[in-house]
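J.: Sequence:
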Amino acid sequence: MKKSSVFYLFLGFATSALIIPALQKSDNPVVKSVLTFIAEEPIMAVILVLLILLSLKLIGKNGFLKTNRSDEVEKESEHQ
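Heads up, the sequence shown is in the working numbering, so the first residue is 1 and it goes up one at a time.
Keep in mind the hints are simulated off the structure, nothing from the lab.
The beta-carbon is built from N, C-alpha and C at its ideal position, and this holds for glycine as well.
One or more of the hints may lead you astray.
[Stated by the list, open to error] FRET-style restraints, in silico, Cβ to Cβ:
hint, residue 1, residue 2, range
1, E40, F7, 26 to 32 Å
2, P29, F7, 31 to 37 Å
3, P21, L56, 18 to 24 Å
4, V30, L58, 31 to 37 Å
5, V6, M44, 19 to 25 Å
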């Protein structure tokens with residue numbers, strides 16, 4: 001397993017550990033129903049962690065959302 005995978009796994013669990021207690025204090029009925037559903041279906045907690053990991057990976061160093069500006073500038077100069 002690569003070091004970056006372990007880092008994102010740890011970061012996902014840490015983020016979940018911080019988010020869920022904060023959400024439990026919310027008075028929003030939608031948030032309460034989602035948390036109740038997660039408590040009844042433990043697989044939903046795993047899915048929540050996986051979604052957080054995916055979002056972190058997408059915005060991470062090697063993620064899909066990273067663009068290399070120098071490549072874009074070169075492509076624009078070639079078209080002109």
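J.: For each hint, tell me whether it holds in the structure or not.
T.: Hints versus structure:
no., hint, verdict
1, E40 to F7: 26 to 32 Å, "holds, 31 Å"
2, P29 to F7: 31 to 37 Å, "holds, 36 Å"
3, P21 to L56: 18 to 24 Å, "holds, 19 Å"
4, V30 to L58: 31 to 37 Å, "violated, 25 Å"
5, V6 to M44: 19 to 25 Å, "holds, 24 Å"
The structure does not agree with numbered hint 4 stated previously, though it agrees with all others.
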